[in-house]
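**Q** Residue numbers (the numbering used here), protein chains in the order written: chain Y, 62 to 368; chain D, 62 to 368.
Simulated from the structure, these hints should not be mistaken for lab results. It is possible that some hints are incorrect.
Since copy identity is lost for identical chains, a pair holds within one copy or between any two.
Computed list of lysine to aspartate or glutamate pairs in DMTMM-like fashion (alpha-carbon distance at most 25 Å, straight line) [to be verified]: (1) LYS313 to ASP207; (2) LYS172 to ASP351; (3) LYS319 to ASP83; (4) LYS319 to ASP207; (5) LYS119 to ASP207; (6) LYS313 to GLU181; (7) LYS172 to GLU340; (8) LYS319 to GLU301; (9) LYS313 to GLU93; (10) LYS319 to ASP101; (11) LYS313 to ASP180; (12) LYS319 to ASP351; (13) LYS119 to GLU90; (14) LYS119 to ASP243; (15) LYS172 to GLU301; (16) LYS319 to GLU352; (17) LYS172 to GLU333; (18) LYS313 to ASP275.
This one's a predicted model, so the numbers in the text were calculated from it and none came from an experiment.
2 protein chains.
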Amino acid sequence: MTVRIDGETASAAMRVRAAQADVAAGVDELFERWLAVPADPRARLYEAMRHAAIAGGKRLRPLLVRAAGDLFHVDRALSLRVGAAVEAMHVYSLIHDDLPCMDDDDLRRGKPTVHRAFDEATAVLAGDSLHALAFEWLVDPATHSDPFVRSELVRELARAAGPAGMAGGQMMDLAAETADFDLPTVTRLQQLKTGALIAFSVEAGAILARIPPDGRIPLRGYARDIGLAFQIADDIMDVEGDEALAGKALHKDEAAGKATFVTLMGIERAREQAGLLVEQAIAHLSGYGDEAALLRAIAAYVVERDH
Amino acid sequence: MTVRIDGETASAAMRVRAAQADVAAGVDELFERWLAVPADPRARLYEAMRHAAIAGGKRLRPLLVRAAGDLFHVDRALSLRVGAAVEAMHVYSLIHDDLPCMDDDDLRRGKPTVHRAFDEATAVLAGDSLHALAFEWLVDPATHSDPFVRSELVRELARAAGPAGMAGGQMMDLAAETADFDLPTVTRLQQLKTGALIAFSVEAGAILARIPPDGRIPLRGYARDIGLAFQIADDIMDVEGDEALAGKALHKDEAAGKATFVTLMGIERAREQAGLLVEQAIAHLSGYGDEAALLRAIAAYVVERDH
Chain Y
62 MTVRIDGETA SAAMRVRAAQ ADVAAGVDEL FERWLAVPAD PRARLYEAMR
112 HAAIAGGKRL RPLLVRAAGD LFHVDRALSL RVGAAVEAMH VYSLIHDDLP
162 CMDDDDLRRG KPTVHRAFDE ATAVLAGDSL HALAFEWLVD PATHSDPFVR
212 SELVRELARA AGPAGMAGGQ MMDLAAETAD FDLPTVTRLQ QLKTGALIAF
262 SVEAGAILAR IPPDGRIPLR GYARDIGLAF QIADDIMDVE GDEALAGKAL
312 HKDEAAGKAT FVTLMGIERA REQAGLLVEQ AIAHLSGYGD EAALLRAIAA
362 YVVERDH
Chain D
62 MTVRIDGETA SAAMRVRAAQ ADVAAGVDEL FERWLAVPAD PRARLYEAMR
112 HAAIAGGKRL RPLLVRAAGD LFHVDRALSL RVGAAVEAMH VYSLIHDDLP
162 CMDDDDLRRG KPTVHRAFDE ATAVLAGDSL HALAFEWLVD PATHSDPFVR
212 SELVRELARA AGPAGMAGGQ MMDLAAETAD FDLPTVTRLQ QLKTGALIAF
262 SVEAGAILAR IPPDGRIPLR GYARDIGLAF QIADDIMDVE GDEALAGKAL
312 HKDEAAGKAT FVTLMGIERA REQAGLLVEQ AIAHLSGYGD EAALLRAIAA
362 YVVERDH
């Protein structure tokens, strides 16, 4: 689906792709350094983390940290460190979500899932390790010289990851297979499961610039809207997408009889709603000028991607 | 086994038990408040966390935070908050270690393990949730008014939990079932698996009092020694212990053919070594007076416990 932004859709897409490539290279460089394999019996654990974390995915969350940081002229090396920490948190959640006792997936980002390439115990521990490392990297003095900023980042990330965020959303998602969820409940589920970490990524850029909570309100609105748009696009892709491009199994929600935005709204209304959310997300940024161009372009990108 | 402390073994044991009961009640009170069950589909997740976290275990780690905090006259409410956060981290590790793909245990602290009482997916997510909550609680301004102290606590706890700590030690422990580990490797394994979190607990008391790293050296020595003594006692209990008192399955290392302090040293030398470590731990505290009485008493307690 296509959403026009001031008639500049093509250049906006190019802008996203260029920033994305740059951020992806930077995140991989940090992971290479931070996940160096030790010469002891923990080598397998590090190999498993590297398998899941390096050279994979859209790096949407680090891209959002960078784009939000750009609004406030945050040093890009700092945005990148925080982005890599959020990405580690995201990767941990994918490893655990793919486990046989959860979604039981064999393929992720075009590669075998960690429990398939290694084993289940290693997958649990690789996820647990990335979870702890995300906080360790975030709170390192190299992330920001001000300990208040570091502790705020930890606080917001912990909330986004825990039972009032990602883990709680995954719990609701498991319940969705047997319960009959309505639209408000599915919305809440997705706000926790994917929305909380996306919101953290956007807000982190502002926290790095010491913007107080009041000043982050437009960004929060933006993040809420693109988070939902992203998930609606994901639900549409689950029905219409190409497994080879997606690098993971699709048509799973349908098979599980799970309520999604598509089953609840129909595919056409879902597509419309995603478009409206993108426009609304961009409207939240009306107080900013050119420095928000990347954030605006990302809003359109989250519903246009084919994987 | 009994270690005499200035001829006051009995009163030292009483001192430990009194502090332990007080700390346990305080930790349970915090968990009751922090883990209130929400009226939504995440209720089962919270029930699982409560099952594992409330009213169980020796609360050794919160007791150590309190005892170390007492050295520096740290407000006991603050020690307790940090203790509850460490205990949440410990409980998460127990939930994941008990999983079928790990140690496959049915019983923990005298109750069914989380994956037995609930299911595997809920157990993974309950562990993940407690992991995130430990950081959220730790970094809350209520834990300490100084953000530098909060960020230091997060940093040390993240290290103790991650691949260079607890998770790394568990990975080595899995490898121990097929590898032939020697005494230095088993020592390293245990320093990561149980030692790192015990060391954090002791050091946290000093961090709360803003004692710089140099000033924490005796406490680190103390923690290293009691951590190993604790693990040797655990290995002895695995051979000689009573399952009903322990509240978990024993004789598992033997069945798995795993190298432990007992298989490598023999039970008599292991017992001797534990006693020496306790004496050495207490010697590290020689610069302190009466304010270290509880820490001294705990050193003896870690090898005397029957569960």
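**Q** Should LYS119 paired with ASP243 be assigned to within, between, both, or neither, using CA atoms and 25 Å as the limit?
**A** Classified as neither: same-chain Cα gap 30 Å, cross-chain 44 Å, threshold 25 Å.
**Q** When no copy is specified for LYS313 and ASP275, does a C-alpha distance of 25 Å or less occur within a copy, between copies, both, or neither?
**A** neither (40 Å within a copy, 55 Å between copies)
**Q** Regarding LYS319 and GLU352, is the shortest C-alpha distance of 25 Å or less found within a copy, between copies, in both, or in neither?
**A** neither (40 Å within a copy, 59 Å between copies)
**Q** What label fits LYS119 with ASP207 when the C-alpha limit is 25 Å: within, between, both, or neither?
**A** This pair counts as neither: shortest intra-copy Cα distance 30 Å, inter-copy 37 Å.
**Q** Checking an output row: LYS319 and ASP351, CA cutoff 25 Å. Within, between, both or neither?
**A** neither (41 Å within a copy, 63 Å between copies)
**Q** Within, between, both or neither: how does the pair LYS313, ASP180 come out at a Cα-Cα threshold of 25 Å?
**A** both (23 Å within a copy, 21 Å between copies)
**Q** Is it within, between, both, or neither for LYS319 and ASP83, if the alpha carbons may be no more than 25 Å apart?
**A** neither (37 Å within a copy, 47 Å between copies)
**Q** Go through the copies and call it for LYS313 and ASP207: within, between, both or neither, with a Cα cutoff of 25 Å.
**A** neither (45 Å within a copy, 48 Å between copies)
**Q** Using 25 Å as the alpha carbon limit, work out where LYS172 and GLU301 are close: within a copy, between copies, both or neither.
**A** Answer is within: at 21 Å inside a copy they meet the 25 Å cutoff, but 47 Å across does not.
**Q** Checking an output row: LYS319 and ASP101, CA cutoff 25 Å. Within, between, both or neither?
**A** between (44 Å within a copy, 18 Å between copies)
**Q** For LYS172 and GLU340, with the copy left unspecified, which applies at a CA distance of at most 25 Å: within, between, both, or neither?
**A** Close neither inside one copy (34 Å) nor across copies (53 Å); limit 25 Å.
**Q** Measure nothing new, just compare the shortest in-copy and cross-copy C-alpha distances for LYS319 and ASP207 to 25 Å and report within, between, both or neither.
**A** Classified as neither; 45 Å inside a copy, 46 Å across copies.
The structure does not agree with the numbered hints 1, 2, 3, 4, 5, 7, 9, 12, 14, 16, 17 and 18 stated previously, though it agrees with the rest.
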